[in-house]
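Turn these sequences into a full structure, and let the hints guide you.
Residue numbers (numbering that gives the first Met the number 0), protein chains in the order written: chain S, 0 to 502; chain B, 0 to 502.
Some clues are possibly wrong.
It does not matter which identical chain is used: a pair holds within one copy or between any two.
[Unchecked claim] Here are the simulated PhoX-like pairs of lysine-lysine, each with C-alpha atoms no more than 20 Å apart in a straight line:
#1 Lys390 to Lys36
#2 Lys269 to Lys220
#3 Lys35 to Lys391
#4 Lys329 to Lys35
#5 Lys36 to Lys329
#6 Lys129 to Lys220
#7 Lys499 to Lys54
#8 Lys499 to Lys97
#9 Lys296 to Lys329
Because the hints were derived from the structure by calculation, they are not lab data.
Protein chains: 2
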Amino acid sequence: MWLVIVYLLFGDAQLVLSTVSDRYENVINERDTLFKKEIDMMLGSDIVLSDSEEKVNEIIIELKHRELDTGLLEPGQFNVSKHFFEYKETIKETNLFKIIKRMPKGAILHAHDIAILSPDYVLGLTYSEKLYVCFEEDDVRFLFSKDIPKDTCGTRWQLLRDARFSSGNVEKFDAELKKYFTIVIDNPEEVYTDINIVWSIFQDYFVRFSGIISYKPVWEKYFYDALKALRDDNIMYLEIRSTLPQLYDLEGNVFDSLATAQSYKDVSDKFVIDYPDFYGVKLIYSPLRLVDYSTVKSYIEIAKNIDNKIPGFLAGFDLVGQEDLGAPIKYFLPQLVEAGKYLKFFFHAGETNWNGMSPDENIFDAIVLGTQRIGHGFALAKHPVLIEEIKKRDIAIEVNVISNAVLGLVKDVRNHPLSSYLAQNLPVVLSCDDPGAWEADPLSHDFYVTFVGVANRHADLKLLKKLALNSLYYSTLKDKDKIIHEFEIRWIRFIDSILKGNY
Amino acid sequence: MWLVIVYLLFGDAQLVLSTVSDRYENVINERDTLFKKEIDMMLGSDIVLSDSEEKVNEIIIELKHRELDTGLLEPGQFNVSKHFFEYKETIKETNLFKIIKRMPKGAILHAHDIAILSPDYVLGLTYSEKLYVCFEEDDVRFLFSKDIPKDTCGTRWQLLRDARFSSGNVEKFDAELKKYFTIVIDNPEEVYTDINIVWSIFQDYFVRFSGIISYKPVWEKYFYDALKALRDDNIMYLEIRSTLPQLYDLEGNVFDSLATAQSYKDVSDKFVIDYPDFYGVKLIYSPLRLVDYSTVKSYIEIAKNIDNKIPGFLAGFDLVGQEDLGAPIKYFLPQLVEAGKYLKFFFHAGETNWNGMSPDENIFDAIVLGTQRIGHGFALAKHPVLIEEIKKRDIAIEVNVISNAVLGLVKDVRNHPLSSYLAQNLPVVLSCDDPGAWEADPLSHDFYVTFVGVANRHADLKLLKKLALNSLYYSTLKDKDKIIHEFEIRWIRFIDSILKGNY
Numbered sequence: 000m001w002l003v004i005v006y007l008l009f010g011d012a013q014l015v016l017s018t019v020s021d022r023y024e025n026v027i028n029e030r031d032t033l034f035k036k037e038i039d040m041m042l043g044s045d046i047v048l049s050d051s052e053e054k055v056n057e058i059i060i061e062l063k064h065r066e067l068d069t070g071l072l073e074p075g076q077f078n079v080s081k082h083f084f085e086y087k088e089t090i091k092e093t094n095l096f097k098i099i100k101r102m103p104k105g106a107i108l109h110a111h112d113i114a115i116l117s118p119d120y121v122l123g124l125t126y127s128e129k130l131y132v133c134f135e136e137d138d139v140r141f142l143f144s145k146d147i148p149k150d151t152c153g154t155r156w157q158l159l160r161d162a163r164f165s166s167g168n169v170e171k172f173d174a175e176l177k178k179y180f181t182i183v184i185d186n187p188e189e190v191y192t193d194i195n196i197v198w199s200i201f202q203d204y205f206v207r208f209s210g211i212i213s214y215k216p217v218w219e220k221y222f223y224d225a226l227k228a229l230r231d232d233n234i235m236y237l238e239i240r241s242t243l244p245q246l247y248d249l250e251g252n253v254f255d256s257l258a259t260a261q262s263y264k265d266v267s268d269k270f271v272i273d274y275p276d277f278y279g280v281k282l283i284y285s286p287l288r289l290v291d292y293s294t295v296k297s298y299i300e301i302a303k304n305i306d307n308k309i310p311g312f313l314a315g316f317d318l319v320g321q322e323d324l325g326a327p328i329k330y331f332l333p334q335l336v337e338a339g340k341y342l343k344f345f346f347h348a349g350e351t352n353w354n355g356m357s358p359d360e361n362i363f364d365a366i367v368l369g370t371q372r373i374g375h376g377f378a379l380a381k382h383p384v385l386i387e388e389i390k391k392r393d394i395a396i397e398v399n400v401i402s403n404a405v406l407g408l409v410k411d412v413r414n415h416p417l418s419s420y421l422a423q424n425l426p427v428v429l430s431c432d433d434p435g436a437w438e439a440d441p442l443s444h445d446f447y448v449t450f451v452g453v454a455n456r457h458a459d460l461k462l463l464k465k466l467a468l469n470s471l472y473y474s475t476l477k478d479k480d481k482i483i484h485e486f487e488i489r490w491i492r493f494i495d496s497i498l499k500g501n502y
Numbered sequence: 000m001w002l003v004i005v006y007l008l009f010g011d012a013q014l015v016l017s018t019v020s021d022r023y024e025n026v027i028n029e030r031d032t033l034f035k036k037e038i039d040m041m042l043g044s045d046i047v048l049s050d051s052e053e054k055v056n057e058i059i060i061e062l063k064h065r066e067l068d069t070g071l072l073e074p075g076q077f078n079v080s081k082h083f084f085e086y087k088e089t090i091k092e093t094n095l096f097k098i099i100k101r102m103p104k105g106a107i108l109h110a111h112d113i114a115i116l117s118p119d120y121v122l123g124l125t126y127s128e129k130l131y132v133c134f135e136e137d138d139v140r141f142l143f144s145k146d147i148p149k150d151t152c153g154t155r156w157q158l159l160r161d162a163r164f165s166s167g168n169v170e171k172f173d174a175e176l177k178k179y180f181t182i183v184i185d186n187p188e189e190v191y192t193d194i195n196i197v198w199s200i201f202q203d204y205f206v207r208f209s210g211i212i213s214y215k216p217v218w219e220k221y222f223y224d225a226l227k228a229l230r231d232d233n234i235m236y237l238e239i240r241s242t243l244p245q246l247y248d249l250e251g252n253v254f255d256s257l258a259t260a261q262s263y264k265d266v267s268d269k270f271v272i273d274y275p276d277f278y279g280v281k282l283i284y285s286p287l288r289l290v291d292y293s294t295v296k297s298y299i300e301i302a303k304n305i306d307n308k309i310p311g312f313l314a315g316f317d318l319v320g321q322e323d324l325g326a327p328i329k330y331f332l333p334q335l336v337e338a339g340k341y342l343k344f345f346f347h348a349g350e351t352n353w354n355g356m357s358p359d360e361n362i363f364d365a366i367v368l369g370t371q372r373i374g375h376g377f378a379l380a381k382h383p384v385l386i387e388e389i390k391k392r393d394i395a396i397e398v399n400v401i402s403n404a405v406l407g408l409v410k411d412v413r414n415h416p417l418s419s420y421l422a423q424n425l426p427v428v429l430s431c432d433d434p435g436a437w438e439a440d441p442l443s444h445d446f447y448v449t450f451v452g453v454a455n456r457h458a459d460l461k462l463l464k465k466l467a468l469n470s471l472y473y474s475t476l477k478d479k480d481k482i483i484h485e486f487e488i489r490w491i492r493f494i495d496s497i498l499k500g501n502y
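Structure follows, in structure tokens:
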């Protein structure tokens, strides 16, 4: 009798236990399956790491996890969710940044030509001979000239050299001057309160030093030194966007856009001779979007002309400027459909917070016009139909995380839609937009911020390598095998050097 | 001869023209197709509007577009991308808000019991008899008592009535007191600088007035009045989350969680008798997550006990508190798998900015545990595999936009991932979380903010109706046909009244 009871009791108990334990096992298995599916889906999951790469992976994962685990407990300590201006220097001191800095990062496919170098570099340019300055209320203009410029000036034109030395305090003078060459300030959250305000200051920044930069010798020097900075940041190739402004010289010559393009071609050729390990430059002609039909038509003629006169140099065509306020792509559909017969497109589209408005609907137009890549695509996350479309057509998204944060689209980069693009294995290329304007390194800061602040905690060296490879794969280079082969050689060298502790 | 030339010229021209125009037509068609696909996919697209609804739709669309179009040009004027505290009163004056206020909104499926009513209401409670107060440095405690409480107090316990009248300035006294019953402040961006800070203040808010609210007569009055506020906001049904704190009375009785649940049941029964157009309440028992295994086990026993003793009242079980710092669901997997045999789950999961960390990976566990709905799911956008899973299993996401903004997850609601959930037609239920804590109406503010700030510009009355219907459809109510039928009746009445200009 007791035996029966004992049997029943324990038999039942065992039954219950085994049922629970089966259920538990099912739940665990299901969780593991979903988790594995997620890991296998994310961008970079197709990369297979060698033993050496696995060792480097352990190093960087440990560094990354330390940042994240501290951040989880003390979010105020998590650098990359703060404003970029606050942490851009701090992170440079980390080992993870140093490793990323040394890492071959492939190409830069989305950058604007005159915002690559730092304000310190631009300040250095103001030491050039024959540079005149006109200080006006809250602003400044520059001009290279043989004699005192005849352009109007609210105060007076003087040689910058004279102004500097008569200031009595060169250090202070230079510090004040430097402020004009950066949008970095101490209190961005108080000053840059909405996107139009920061864009307006950002645009002033470009206008302001146009007098310096569009002086042909400076233009060429800046570009040469920009390429040097890219090479130092372990970039091997560039597709540069330019409005191709008119350049000038001391003789009163004014050069048209074709000449400006030619000047880029010449500099890039010279650079490749000087540094044969650099794979050169292509041009995306990207004039301003806030214009009328006939201007766009003339832009297109300029592009065609460049393509004829400098064969092989032009990658294609784009329109630039704040999308929220500029003309949407659809205004120029007839002109652009026609132009599509001759030109490839690399449209900025969806660099906006809006949803169902002209700037995010630019993505529709970019896609149907057959754009090769999409510049930014910040708003793409709101358009699942377009996500399917870019997957189908294999259109790369040129994502610029720091730019989007600095220019007011997203406060905490953890909310950047790139996190979902990476998770979905979308064709992403990481880029930098205008690193000089916010004092970032050409590409290392964007890689660091993406790796630590945007990507999944489990994303590792495979993601970094994939992002670098994507920048080559989605470039317009014809012979990709060659550059990818060279990339692999450099990558192995990088892995070995990290394993030797060189960072 | 000339004729031939003319023919060739115009013939060619025509050919080119017609080619371009074919290309152009293709591009336009493709654009239209993609656009239509997007419109047809978004949440609410399956709703068919009657003629009357179409007319109301025109009214609300015009009001919404006016806001958006102004915002595009002057983002500083766009209310809902600012901090909620800044615009919560302003928007109440708009016709769009007034219409949404009158709109039947279905049910509230995600709200915490003691954060529904405004600080003004709580201030009113402090006029109750026998309420003692202890003012300490920067904080305050309350207790109902027959005599001076014996609980320790850094200063002294006094009747609140006495403190108020001896203050010499009742208005000032009340204004100071009210600050304890809200997390609304003038300078949130300076004070609430990270998520832990705002959460800590938010949690203090709950602790602080526990002495008032857990006095049984007040507890029941608060809940009755909360139901009234819901009804006034055109809500017809509620699933309330509660930690079921111990209640007390003047006789020294302390009531356990079961008694607290019973008290909710009694109040809700009384309310439904008083207001038969209200469809009642179910309870989601939601104790704090920052506990150990054995405590979770005892929670589960409490839940089972409630379900036995008050049949039909318990909807299910959840764990609450800041996910970033609390124990993740996976810690309690064995206990919860076992509990899943008896209880339905409604887990908070992914109320976080992190990616690949414990709080967002709570979504994995919630899903494999068979959760009925997901509370928040803010991080779901980063987990496409889980998005597919919740679609497959038809698990609703209880989204609380304003809560996520106020509690530090997202600054500009245009970046809230709900925009992509709506675009993808995910099973979304809109809710409010703790509207009293940030002085929002029970659900109208969340509907307004979602409609104007989160949803696509082309989203219209169909979305609003669908969101309201979803809250009924994804409720645990058994007889959904009945409540949906009643909803439809009220909806028609609403449409008619708006057409008569009653807003």
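Each hint tested on the structure:
no. : hint             : result
1   : Lys390 to Lys36  : both (19 Å within a copy, 16 Å between copies)
2   : Lys269 to Lys220 : within (11 Å within a copy, 82 Å between copies)
3   : Lys35 to Lys391  : between (24 Å within a copy, 18 Å between copies)
4   : Lys329 to Lys35  : between (42 Å within a copy, 16 Å between copies)
5   : Lys36 to Lys329  : between (39 Å within a copy, 18 Å between copies)
6   : Lys129 to Lys220 : within (16 Å within a copy, 82 Å between copies)
7   : Lys499 to Lys54  : within (11 Å within a copy, 72 Å between copies)
8   : Lys499 to Lys97  : within (14 Å within a copy, 68 Å between copies)
9   : Lys296 to Lys329 : within (14 Å within a copy, 60 Å between copies)
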